[in-house]
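For the record, the sequence lines run as chains A and B. Each residue of the first sequence is one higher than the one before, starting from 1 at the first, in our numbering. Each residue of the second sequence is one higher than the one before, starting from 1 at the first, in our numbering.
Please keep in mind that the hints were generated in silico from the structure rather than gathered at the bench. We put the beta carbon where it would ideally sit given N, CA and C, even for glycine. Incorrect hints may have been included.
What follows is a list of derived Cβ distance ranges for each label pair [stated by the list, open to error]: (1) ILE248/A to PHE252/B: 57 to 63 Å; (2) MET38/B to TRP184/A: 19 to 25 Å; (3) ARG35/B to GLY60/A: 53 to 59 Å; (4) LYS68/B to TRP184/A: 23 to 29 Å.
From the derived model, a few chain B residues whose C-beta atoms are all more than 12 Å from chain A [said to hold, decoys possible]: (5) LEU29; (6) TRP161; (7) ALA258.
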Amino acid sequence: MISFRSNTRLYSALAAKAYARNIQYRGSHLLHNFASAAFGYLYACIWIGLGRDHSLGEYGTHGMMQYITFTQTSLWVASFTTVGLGIPQSVRTGQIALDLMRPVHLFAHLAAKEWGQIAYQFLYKSIPIYLVMLLALGLTPVDGGRTLPIALLALAGSAYMGICIGYMIGVSALWTTESSWLHWGNQALMNLLAGFFIPLQWLPGWLQQIAWASPYPFMLYAPTQFYLGKGNPLALLGTLAWCVALTILCLLLTRVMRRKVEVQGG
Amino acid sequence: MNEQTYESARTSVDRRKRFRNYIKLYVLLIRTSIRSRMQYRFNFAFGTVLAAIIQLSEFLMVAIVLAKFGAVRGWTMYEVGYLFAVMTLAKTVYRTFGNEVHNLERYLVEGELDQLLTKPLPVLLSLMPRGFRLMPGELLQAGAILTWAIGAMLRSGQISWWAIPQTLFAALTGGILLFAIGMATATCGFWTTRISMLQNMTEDAAQTAARYPLTLYPGWMSALMLTAIPVGLVSYVPALYILRGELGAWVFPLLAVASAAAVLLALAFWRFGISKYQSTGS
Chain A
1 MISFRSNTRL YSALAAKAYA RNIQYRGSHL LHNFASAAFG YLYACIWIGL
51 GRDHSLGEYG THGMMQYITF TQTSLWVASF TTVGLGIPQS VRTGQIALDL
101 MRPVHLFAHL AAKEWGQIAY QFLYKSIPIY LVMLLALGLT PVDGGRTLPI
151 ALLALAGSAY MGICIGYMIG VSALWTTESS WLHWGNQALM NLLAGFFIPL
201 QWLPGWLQQI AWASPYPFML YAPTQFYLGK GNPLALLGTL AWCVALTILC
251 LLLTRVMRRK VEVQGG
Chain B
1 MNEQTYESAR TSVDRRKRFR NYIKLYVLLI RTSIRSRMQY RFNFAFGTVL
51 AAIIQLSEFL MVAIVLAKFG AVRGWTMYEV GYLFAVMTLA KTVYRTFGNE
101 VHNLERYLVE GELDQLLTKP LPVLLSLMPR GFRLMPGELL QAGAILTWAI
151 GAMLRSGQIS WWAIPQTLFA ALTGGILLFA IGMATATCGF WTTRISMLQN
201 MTEDAAQTAA RYPLTLYPGW MSALMLTAIP VGLVSYVPAL YILRGELGAW
251 VFPLLAVASA AAVLLALAFW RFGISKYQST GS
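This is chain B alone, in the form it adopts within the complex (with noise of 0.2 Å):
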């Protein structure tokens, strides 16, 4: 083995330890921030009520109109509910891990950003494990609405049992979509430090829309949400497939690749942002 080569595998070896490292520090951070979560018991369970509250206030108005007009635009109840509990848990999967991502503006806006640059971490690693939020409202609500939709479905005939753990995974890429998204979004409040407004667009409004078929909107808000803010790939795209049978198998190759090189490229545009972040402090 010459030196280069020698090297080169040195370089190799540091890196995987230094990655398993991280990952110790953030299963160790994550369980530091749920104990300190914890200390206050009584604002947890008030947290967690209000939000299932919330959410089942959120589907309400969607079977509202369902139990109102039957169908969207040719899909049934089950299938509209089977987007809102998809989206639900994708946005759980999003929430749970990168919520700190999702406020980052607090920290541009208080300054509080500059202490964890100084840190010897990733900005992104001692910053995402502080806000790790466990939901279990949130995910019960989903999981019920979801067995609701999926056993009629299933009753029916309309889907067979591949169809939960096609679900799942799609529930999984679209976690990992929507965390790019708000990556992306977040990255912005590196130059204007108000991010807020943009969130409403990109996140909360475009959530909202992908909860109806996209077939609801016109076309070039269904093509936005295809594209630029990919949250039809959600849960829309899976669904075509799943409930169905439309498009094809290569759906699901299609969903792991396009959540990879959206969390590649917002993790690019957040590196790109921080090396141009200038502090509001003094």
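Isolated chain A, as found in the complex (with noise of 0.2 Å):
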């Protein structure tokens, strides 16, 4: 029987050496954080010109553009995970037999890994990209900063949500050679029903249904609310059935995957 506890050591070893392994690139990241900012300033536009002819209802086109600005800067926690927690990688050189050998259970180890990576790319990409735009569209943090704390609490329940999906994501990769799709499939569902570009509460009635019945609206919604201090702390109720529904499925899915993985070759 594989232990989650007695492990913790190893766990906070593996995130500080994925977060290292990502501190040796932090200049070239930095730059990659223009094009990000890139997308969130037109994203932004978009909403400034629709402002000028619209009243935007209740966020007003200041309100879209700080919207825009925290959902941008949230997807580097979020969304941008590891491809399939680089299971996909792994099925193809064969390491996954090596992997579900090891004395640690696949998925902690792998999100223990990916916690690492996000820690990073909040500090390096997140932060980065949040200045960029308050700058860009001269805004300043919603109510001087008092609402971050809460929200930010919500995006670590994103963020380790994004983490579950990403590794069921990666298992597909033992049944299909084009895991990479439901990855983009993934992000192509996080920018409609996470609200990452429009609010939910915009979209029509069918599918504000199917966005409450996933995940998605504690992805990046919810956290958004809290930035923008709308949000209703039982929300954060939401987000942590989520997390717990999630973990089981992919706990379940690591033990139907352990029967399915073959080796081939010598």
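Starting from the two chains in their separate frames, assemble the complex, guided by the hints.
Next up, the structure:
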């Protein structure tokens, strides 16, 4: 039986190593942030343009600029995780057989590594992008930054959900060579159902129902509402419930995966 | 016929023959690429369905904005749908033939380009057929949106049947323009190796922006999209004439010249870049 508790030091070491590996490339990644901020600026420009002819409801143009700033910033924590947590690559090279043999649970092992990656992305991508977008759009943090702690707490839940979804996408690589499509599909659903570009209350009723039946609104929309000072603390319970449900799914999938894995060649 | 004229005629015949052989080889390599992909039918079907879902969600993002606000800077829902569909069609043309040019970073990072350089063929000729992609999902979706948008505008009398061949021409020249932008961006990889950041700006962000009327953006941004990164010529400029009768019929020769010039410039840049290429391998 693989223990989760006895490996706490290992998990923190894995996370620290993933963080340290990324920090080697921080210069290049900081440049990358300009591309991401340019994307955010572009989306903000669309809302600014629309705001010239329309009132933009309860948000207003200024509110939508804040909205896009926070969602664009949050993508690096909630959505841009390693493709399939690296499992598709392990399946291709056969490394997956060794990974499953380790005396540490595969999900916990990969999740720990991804936490290191996300911590790095938060510090070296999310924060710089947030600052660049605030400057470019002439904004200041909502309510002097007082809403940030609860928004970041919700975002930590988003990061965990992102890890779980990434793991499930990775596991699919045992059945298909096209698991990267699932990754891109997940990104597309994040854009649509998580409220990345359009606040969920503006979606048609049927699409809102689909969205709220999935974990996506808790990954971007809920943290953004907290940031804008419009969130209901009960939404954190939804985040927690989805974290538990996705963890159970990941553990079940690992059991299926152990029976499915085949090693070819010698 | 003197000796010099004879030599020049012979060189011209040789060049034509070589060009014909290249075309034959290109078609053969594409057939091989399709056949190899069809060995994994489930994967092909799976990828196609997911690509269609991704496209659908991208269109829904635009459609929801239109449904909520009605018009964007004076452009109706059908007109913006048209912009989206022409951009998708042009992108499909580009990615069907030039997907591997877009994926050049992988070849540069993993040293696979060195293998291509050892082949007795132009690098582009051996590179492009490798990633030949059939994209039925994107084609169907763009076709459906275009049919919906053009159908509505035909019924209202806003456009005539001439709009259909004109639109197809715009999608074709648009595909060539996107290919030229993609190739010029990829060429930077011969110096920088990593190009994904640049692609995010010149391809992803630019194409996303051009799905909406350019009047939505600040002046400097729309100017950029009409000159340095000419995605505005893919759908916005043709739409101004085809749908709204603005500008003039000179738009079509302009599109033809601009796409030919862009691809020739990108090719020259590619040739220059590849002459400066240094392998990352040992």
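These are the hints, each one checked on the structure:
{"no.": "1", "hint": "ILE248/A to PHE252/B: 57 to 63 Å", "in the structure": "59 Å, holds"}
{"no.": "2", "hint": "MET38/B to TRP184/A: 19 to 25 Å", "in the structure": "22 Å, holds"}
{"no.": "3", "hint": "ARG35/B to GLY60/A: 53 to 59 Å", "in the structure": "56 Å, holds"}
{"no.": "4", "hint": "LYS68/B to TRP184/A: 23 to 29 Å", "in the structure": "26 Å, holds"}
{"no.": "5", "hint": "LEU29", "in the structure": "21 Å, holds"}
{"no.": "6", "hint": "TRP161", "in the structure": "32 Å, holds"}
{"no.": "7", "hint": "ALA258", "in the structure": "23 Å, holds"}
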